[in-house]
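Student: These are the residues of each chain, in order.
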Amino acid sequence: MMHARLPVASYLPSLLIAIFYAVISVSLVADTHFWILLLCLCACVVRLFLYLGWYNHAPGKRTVNLLALLASVTLITTSENMDVLHIMVNLLLLACSLKLILLHRRRDFYQLVISGVFIVACGFIFYQSLAWSLFYISVFALLIMVLISAHTPAMKLSQQCKRALILVLQALPIAVLLFVFLPKVPPFWKMPEGHSGETGLSEYMTPGDIAGLTKSEKLAFTASFTGVVPAPQQRYWRAIVLEDFDGNSWFVSDTRRYASAQLQHMGKQFDPKVRGKPFRYEVISEPTQQRWLYALDTAIPASEAGRRDIQQGWNYQLTANQPLFSRFAYKVESFPDTKRDQGIASLDKQLNLHVPTQTNPQTQLWAKKLRARYSDNHAYADAIMMYFRENGFEYTLAPSAMLYDPVDSFLFNYKAGFCAHFASAMAYALRLAGIPARVVSGYQGGKQINDTTINVYQYDAHAWVEAWLDDSGWQTFDPTTQVAPSRITAGFEEAARFSGELTGEHPFTGLGHLEAFAFFRNLSAQMDFLWGKWFLGFNSEKQNAFFTQLLGELSPWKLSLLGVAIVLTILSALALYFLPNWRRKNYPLHYKLYMAATAQLYRQCHIERQKKSPGELLRTLEIQLSPIALTPFRVITAYFEYCEYGGPPVSAAEAKAASREFSKALKQHSR
Amino acid sequence: MGVRQTLNVMSEKWLESRIPANSSVRLNRKNIFIFPGLFGFFYLLMTVCLFVLAVNYQNNLLLFLSQCLSSLFLISLFTAYKNFARITVSAQQPQPVYAGETAYLTVKAMGSAHSPKGMLEVGMKNDKNSYYINFDAGESQFAVPIATTTRGKCRLPRVTLRCAYPLGILRCWTHLDFGQELWVYPSPQAADKTFSEHDMSDGNKRNTIPGSDDFFALHPFQPGDPLNKVAWKKVAKGGEWASKVFIRQQSAVTWLDISTLNTDIETSLSMLCWQVNRLSRRQHPFGLKLGDVIIPPAMGKLHEQTCLEALSLYPGSYPK
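Quick mapping for you: the protein sequence lines, in order, are chains A and B. With this note's numbering as the guide, the letters of the first sequence map in order to residues 7 to 677. With this note's numbering as the guide, the letters of the second sequence map in order to residues -18 to 301.
Bound conformation, chain B alone (with noise of 0.2 Å):
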C-alpha cells in the first residue's frame, strides 16, 4: 500500500469522524473546508510583490493598493464562508441501474432566508468531473452522473461541493456522505435458453398462478401493476386503489438457475437478469435459484427487484 493510499485511507477515517453520514446536511463549521486556492496563492505572493515595490519605491499608493488587497482577502474570507454556510444539501436515493449504465446522484442545494450566491461545484469526490449549479440563475439542484462498472451494490463515495465566491481567491469545500447505496445489476445480456418449466411440489397439482383469463380477486394495489387492471369503479368511489387480479390456470412456474448455465459467472448473472426483465414483462411467474439464495416464485416489480438484487450480490448471500 503506497503512502498516497495510507493518507486516503486516513483521510476517509478523519472524515468519517468529522463529517458523519446523514442524508441531508446544513454546511456549518464542522463541515465547511476554506482555504486560498492556486489563484488564491498567487493573489497573496502578489500582494506581498506589490508591498516590496511599494516599500522600495516609497510608493504610499502602492503601499495603499497592497494593503486594499490583504485586506480584501480577509473580506472575501468571511463573505466565501458566509455564503457557504447558508446552503442545506441533500440528496435523493438514485435509481438502481445496470451495470455500465450512468446512474444519477440528484443532490440538492437550498439556501436559508438568504439565497447563496455564486456557482456551487458538485463532483463525486476523488473524481475529476465536476458540475455546477448555478444560483443566481435559480438553479438549487444537479444530478450527478455516476459510471458504473461491475455489478454489486455500492455505498456512493462522498460528494465534493465547492464554491469559490465571490472572488475566487478563497475556495470552499465539503466532502459530504449521504449514506446513499446505489444498486448496480448484472448487465443484461440475451440468453436463448429457455428453462425448465417445473414444480416446486409434486406434478399433479396444479397451480393457480397469474394470468388473464378468469377475475380471481381484488388485490391492493402495488406500484408496478398493470393500470388496465386497476379497479377503477372501486378507486372511482373513492376507495383504495386495487387491482384485479385475474388467475390462469398453469402447469408450472419457471425456474431460473444458475446451476443450469455452462458460462463463466458474470455471463451467467448478466443472462439470469435478462431473463428476469423479460418474464417479469411478460408477467410471467418465476424463481430464482442462485446456489444457496432461493427466492420462490412470484411476479411484480417488487420481485424483480428482489431478483435483480440477489443477481447483483451472488455469490454473497442475498440479506433477508
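The shape of chain A in the complex, shown without the other chains (with noise of 0.2 Å):
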C-alpha cells in the first residue's frame, strides 16, 4: 500500500541513509554543538540495532516529539552567537536525527534525502578545499545510492552502485556543460556578514589580551603574481586599518564608517592616483564571511568585475560589496611608489589624532620627554623604533596578560610581546606626540609555492603602523622588525620554529620537518590554488575570458548561438544516451538488410514475422504478397540463409539491390 509502514529490520536503504547522517555530522563537527552530533550518532546506531534486528521496536512517536522539543529548547539556549547559517545546519541535523528515529515511512526518506542535500550544501559553504569538497561529492553520491535503493529494494547491493553510478555519470558533463556556459549571476540582495572564523584578524585588536594570536595554519589567500613577486619585506598585506584607540584597544573607527557609508551615498569614489611600476597578481580568498579583502599599498582593483564587486577605501583599504561566503577572486594592481597622501586629510587626521589621556600615564610621560627631545617627526619615530631596539624587548607568541594600562605594562614592565604590542605602542606614542598615526592590521609574508604563487597562512597574520610624518603621506612602520627582523625576512613559520615556542604545541614539529612530508605539503597547497583557481574561482570574469577565447569579439547574436548549440549539445547527449538505435550492435549486412525487409512488411502490410524462420516466413508471404516484392524478398532470404548456413551463394551487392528494390515495391503497395 502507498503508505504503508517499511520495513524495519534488513531495510538496506534505512541502513544506508543512516550511514550518510553518521559521516556528515561527524564531517561538520566544528560547526555544530557536540550534543547535536551525539543525538545524531545515537539516532544512527538505533537505526543500525533495527537493521540487525537486534532491537525491534523504535522509540514511540511521543518519546521523540518529548526529545524533539527538549532538544529545541537547549538549540534555543545554547545558539546565542551563531549566525543564521549555523543555526540552520544545527536545526536541520537535529531534526533529521529525530526522524532518523521514526523513520517508517516513505515519505520520511524523501524529507531526510531533501534534508541531506540541504546538509550537503552548508558543508560545500564552510569547507570548500579540493579534499573536503571530493568528500562532500561522495556524500552527495551516497544520497543519491539511498534514493536509487528505496526503489529498488530486492536489488543486489552491487547493481544498486552500478544504477547509481550510470545516473551520477551520465548526469556530470550536463551539468559541467551547464556550469561552464550558463551565465553567472551577481548575488540578489545582499547578504549579512557571519561570524569569521578561524582568522588571524578581527576589527579590533586587544594587544593585552593573548586570545589575539592566532597559530592556525589555514589558508587565508593566495596570491598568484604576473610578472615580478615582490620580497618578503615587501609582502605587507594591508586588510584592516584600525584608528580607533581607547587606551587598550584599538577598532574599526565607527566615525570612518559613518564617513566612508555618506561618501558613498553622494556618489563620491575613492580613485588614488597611482604611479610607479605595479605589482600585478590576482588574490584568491578563502571565505571570512566579512568584507575586507587584502592587498599590498597601493593598490586598485585592475579588472572591470573588480572595480564592480569591489570598494576602494579612503584609507586604502579593499572591501568587497558581499562578505566571502565562499573563495573570491579579484585581481589587483599595487603601486608601492604611490604617496598615500590622497584621502581626506582633515579627517585623517582628526581621527588618528586622539588620543585618550586616562590610562598609561607612564607612556605620556616617556613620550612628551621624548617628544622633547626629538622636535623632528622623522626623528622621533625613529627614536621610537631604536627604543625597541635597544632596551631589551623581545618577540614572543605567549606574552603575559596586560590588563590594565598595556602599553605602560608593554613599554617599562614585560618588555615582550608580539606585533601587535608593538605596533599598538609606537602609534599611541606617535599620536601622543601629535603626529597622525594608526594600526594596519594584516598579513605579512607568505609562503612561495612555486614561481609566482605566495600562500598566505592565518599564522602570517601581523600589524603595523602607519604614520603621517610629513606632506609625503602615511607612511609604514613596523617596530616588530627592530626585535624580530627574522619574523619579516623569513617568515613566521620560520621565526617560531627557531624560538623554538611552538614545538609541541603545533603543526611545525616532528612531520614537518620530513621532507616527503613538505613535498605532499606543497602537492596539496598547489592543487588546491588550482581549484580555487579554475573551479571555485570561476566567475563571469573567467567566464566572459573564456568565452572570447572560443568564439573571438564578443556580439549578442554568437552569444546566441552559443546559447542553441549548448541546447543541442544537451539534447544529442540525451539521446545518445537513450535512443536504443545508438547502441545498437552494429550487425552483419545480411542481418540489417533482413530486418529491415521484415520491418517494413510490418509496417506497411502488418505482416508480422512472429518467430518464424526465413523460410517458412517466405512460404507464408509466397500467398499474401505480389510477386513484385516477392521475388526480391526471396533474393534477401536466400542472401540471408547464404550468410547464416551457407545455402546456394548470393552476391552482397545482388541482396542490396533487392532490397532497394523490395522497399519501392512495398511502398507502392501501400499506396
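It is possible that some hints are incorrect.
Stated by the list, open to error - Using 20 Å as the maximum straight-line C-alpha spacing, the simulated EDC-like pairs for lysine to aspartate or glutamate come out as follows:
#1 A:K162 with B:E120
#2 A:K548 with A:E199
#3 A:K105 with A:D89
#4 A:K564 with A:E547
#5 A:K162 with B:D117
#6 B:K89 with B:E120
#7 A:K355 with A:D382
#8 A:K168 with B:D117
#9 A:K453 with A:E223
Said to hold, decoys possible - A few chain A residues facing chain B, derived, Cβ under 10 Å:
#10 V119
#11 K162
#12 F331
#13 K345
#14 G349
#15 L357
Unchecked claim - Computed list of chain B residues with no C-beta within reach of chain A, every gap over 12 Å:
#16 L31
#17 N41
#18 Y85
Hints in this document: simulated from the structure, not taken from any laboratory. Built from N, CA and C at the ideal position, the CB exists for glycine as well.
Make one complex out of these two single chains by using the hints.
Tutor: Now the structure itself:
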C-alpha cells in the first residue's frame, strides 16, 4: 500500500541513510554543537540495531516528540553567538536525527534526503578545499544511492551502486556544460556578514589580551603574480585599518565607517592617483564571512568586474561589496611607489590624533620627554624604533596578560610581546606627540609555493603602524622588525620554529621536518590553488574570458548561437544515452537487410514475422505478397540463408539491389 | 452533478479515446503519463533554493550542486520513461464471485528484451489501495483484489500502474482498461423452501434424467463432469475424453421460480442462488423461471453458470 510502513529490520535504504547521517554529522563537528553530533550518532546506532534486528521496536512517536521539544529548547538557549547558517545546520541535523529514529514511511525518506542535500550544501559553504569538496561530492553520491535503493529494495547492492553510478555519470557532463556556459549571476540581495571563523584578523585588536593571536595554519589567501614577485619584506598585505584607540584596544573607527557610507551615498569614489611600476596579481581569498580584502599598498582593482565588486576605501583599504562566503578571486594592481596622501587629510588627522588621556600615564610621560628631545617627526619616529631595539624588548608568542594600562605594562614592565603590542605602543606614542598614526592589521609575508604563487596562512597575521610624518602622506613603520627581523625576512613559520616556542604545540614540529611530508604539503597546496583558481574562482569575468577565447569578439548573436549550441549538445547527449538505436550492436549486412525488410513488411502490410524462420516466413508470404515484392524478398531471404547457413551463394550487391527493389515495391503497394 | 464528477466523466471519456480497451497493452508514448510527484516538486524547489543560495554566497560548489541536481532530474525523466516503456501488461479474466466476496484480477507485467527495474505499483483506478510487483525480486504478476458488494455484471474499472524508478522524483503511470468483465452472482442464502417438482409437459410422460442407475450413453466430456464418470478406458486408448452418462427414471424436474417466493427480490435471488448451487452439486436437473426469463431444465457446470448469470442480471433480460 502507498503509505504502508516500510520494513524495519534488514531494510538496506534505512541503513544507508543512517550511514550518510553519521558521516556527515562527524564531518561537520566543528560547526555543530557537540550534543547534536551525539544525538545524531545515537539515532544512527538505533537504526543500525533496528536493521540488524537486535532491537525490535523503535522509540514511540511521543517519546521522540518530547525529545524534540527538549532539544529545540536546548538549541535555542545554546545558540546565542551563532550566525543564521550555523543555526540552520544545527536545526536541520537535529530534526533529521529525530526523524531517523522514527523513519518508517517512504515520505520520511524523501524528507531525510532533501534535508541531507541541504546539509551537504552547508558543507560546501563551510569547507571548500579540494579534499573536502571531493568528500562532500561522494557523500552526495551516497544520497543518490539511498534514493535508488529505496526504489529497488530487492536489487543487489552492487547493482544499486551500478545504477547510481550510471545516473550520476550521465548527469555529470550536462551539469558541467551548464556550469561552464550558464551565465554567472550577481547576488540577488545583500547578505549579512557572518561570524568570522578561525581567522587571524578581526575588526578590533586588544594587545593585552593574549587570545588575540591565532596559531592556525589554515590558508588565508593565495596570490598569484604575473611578472615580478615582491620580496618577503615588501609583502605587507593590508586588510583592516584600525583608527580608534581607547587605551586598551584598537577598533575600526565608527566615524570612518559613517563617513565612508555618506561619501558612497553621495556617489563620491576614492580613486587614488598611482605611479611607478605595479605588481600585478590575482588574489583568491578563502571565505571569511567578512568583507575585507587583502592587497599590497597601494592597490587598485585591476579589472572591470573588480571595480564593480570591490570598493576602494578612503584609507586605502579594499572591501568587497558582499561578505566572502566562498572563495573569492579578484585581480589587483599594487603601486608601492604611490604617495599615500590622497585621502581626506582633515578627517585622517582628526581621527588619528585622538588620544585617550586617562590611561597609560607612564607612556604619556615618556612620550613627552622623548618629544622634547626630538622635535622632528622623522627623528621622533626613529627614536621610538630605536627604543624597542635598545631596551631589551623580546618577540614572543606567549606574552603575559596586560589588562590595565597595557601600553605602560608592555613598554616598561614586561618588554615582551608580539606584533600587536609593538604596533599599538608605537602608534600610541606617535599620537601622543601629535603625529597622526594608526594601526594596520593584515598579513605579512607568505610562503612561495612556486615561481609566481604565494600562499598566506592565518599565522602570517601581522599588525604594523602607519604614520603621517610630513607632506609625503602615510608611511609604514613596522616596530616588530626591530626585535625580530627574521619574522619579516624568513616568515612567521621560520621565526617561530627558530625560537622554539611552538614546539610540542603545533604542526611545524615532527612531521613538518620530513622531506616527504613537506613535498606532499606543497603538492596539496598547489592542487588546492588550481582548484580555487579554476573551479571556485570561475566567475563571470573568467567565463567571459573563456567565451572570448572560444568565439573571438563577443556579440549578442554569437552568444545566442552559443546558447543554441549548448541546448543541442545537451539534447544529443540525451539522445546518446536513451535512443536505443545508437547503442545497437553493429549487425552484419545480411542481418540488417533482413531485419529492415521484415520491419517494413510489418509497417506497411501488417504482416508479422512472429517466430517464423526465414524459410517459413517466405512460404507464408508466397500467398500474401504480390510477385513484384516477393521476388526481391526471396533474394534477401536467400542472402540471409547463404550467410547464416551456407545455402546457394548470393552476392552482397545482389542482396542490396533486392532490398532497394523490395522497399520500392512495398511503398507502391501501400499507396 | 458536481464539478469533480463532471471532470471525472470527462477524464474517463478522454482516457477512453486515448487508451482504448485491450487485453494486453505494450506501454508506450501513447499511454504513459509522466510527471513529478510531490517529492519531485520538493526536489525542484530545493534545486531552486540551492541556486539562490549559491548565487548569493557566490559559491561555485553550490552552483554546481544545483546544476547537478537539475541535470539529474532530466536524466531521471528519461530513465523513468524508458524503464516504464519496457513493460507489457496483460490481465486474466477474473473468476466470477458471489456478492460480498473478493474477486481477483491477475495483472501480468512482463518486460521485453531488458527486464524493467524497480517496483510497479498496481491498483484499481480511484482506489486508494495499491500493491507492488517487485521486478527485481523476479515477480511479474499480482492478483489485485476487487471488493464486490452488489450482484451484476460489471465492467472492471481501469487498472492504474505506477512506477517511481529510479529516484522517485518522477512518476510514470498509466490507466489501462483490459476490457474485462466481472460476474458477481447474488450471495447465496440458505432457503428451506422446497420447490415444486412438476413437469413441463403432461404428467404422464416420464423423463429420463441423468442419474446413477443405468448406463445410457457416452457424451463428450465437459468441464465440471464428475471424474468418476469419465470413460477412462476410452481415454487410455487415446480417444477423446468422454463421460459415461447414466440415467435415472424420474417423474419431474425442479423448477426454481422467483414468483413462488414472497420475500423481497434480493433475498429471493440469494435463495435461488443457494438452490442453484445445491441442485447443481447434487446433479439434480432444474429449470429457472425469472419472470420473462425461462431457462429450461438441465444440469452441469454450464447450466449452473447460465442460471447464476441470469440471477445476477435480474430483472434485466438475459442476453442470449
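Student: Now look at each hint and say whether the structure bears it out.
Tutor: Now the hints, each set against the structure:
1. Proximity of K162 of chain A to E120 of chain B is assessed by CA-CA distance (about 15 Å); at most 20 Å being required, the pair is judged to hold.
2. A distance of roughly 26 Å separates the Cα atoms of K548 of chain A and E199 of chain A; the hinted pair therefore is violated under the 20 Å criterion.
3. For the hint pairing K105 of chain A with D89 of chain A, the CA-to-CA distance comes to about 24 Å; that exceeds 20 Å, so the pair is violated.
4. Distance hint between K564 of chain A and E547 of chain A is fulfilled; the C-alpha atoms sit about 18 Å from each other, no more than 20 Å.
5. Proposed proximity of K162 of chain A and D117 of chain B is supported: the alpha carbons are some 9 Å apart, at most 20 Å.
6. At most 20 Å may separate the alpha-carbon atoms for a hinted pair to count; K89 of chain B and E120 of chain B meet this at roughly 9 Å.
7. Distance restraint check for K355 of chain A and D382 of chain A: the Cα-Cα separation of roughly 18 Å lies within the 20 Å cut-off, and the hinted pair is therefore satisfied.
8. The straight-line distance between the Cα atoms of K168 of chain A and D117 of chain B is roughly 14 Å, inside the 20 Å bound, and the hint therefore holds.
9. Taking the CA atoms of K453 of chain A and E223 of chain A, the gap is near 12 Å; set against the 20 Å cutoff, the hint holds.
10. Checking V119 of chain A against chain B by beta carbon gives a least distance of about 8 Å; that is within 10 Å, so the hint holds.
11. The interface hint given for K162 of chain A is met, as the beta carbon of that residue sits about 8 Å from the closest beta carbon of chain B, less than 10 Å.
12. Taking 10 Å as the C-beta contact cut-off toward chain B, the hint placing F331 of chain A at the interface holds, the least distance being around 4 Å.
13. Checking K345 of chain A against chain B: minimum C-beta separation of about 34 Å lies over 10 Å; hint violated.
14. Taken as an interface hint, G349 of chain A does not check out: its beta carbon lies about 29 Å from the nearest beta carbon of chain B, beyond 10 Å.
15. Against a cut-off of 10 Å between C-beta atoms, the interface hint on L357 of chain A is violated, since the closest Cβ of chain B lies about 32 Å away.
16. Listed as a non-interface residue, L31 of chain B fails to keep its Cβ farther than 12 Å from every Cβ of chain A; the least gap is roughly 6 Å.
17. For N41 of chain B, the shortest C-beta to C-beta distance to chain A comes to about 5 Å, within the 12 Å cut-off, and the non-interface label is violated.
18. At roughly 17 Å from the closest C-beta of chain A, the C-beta of Y85 of chain B stays outside 12 Å, upholding its exclusion from the interface.
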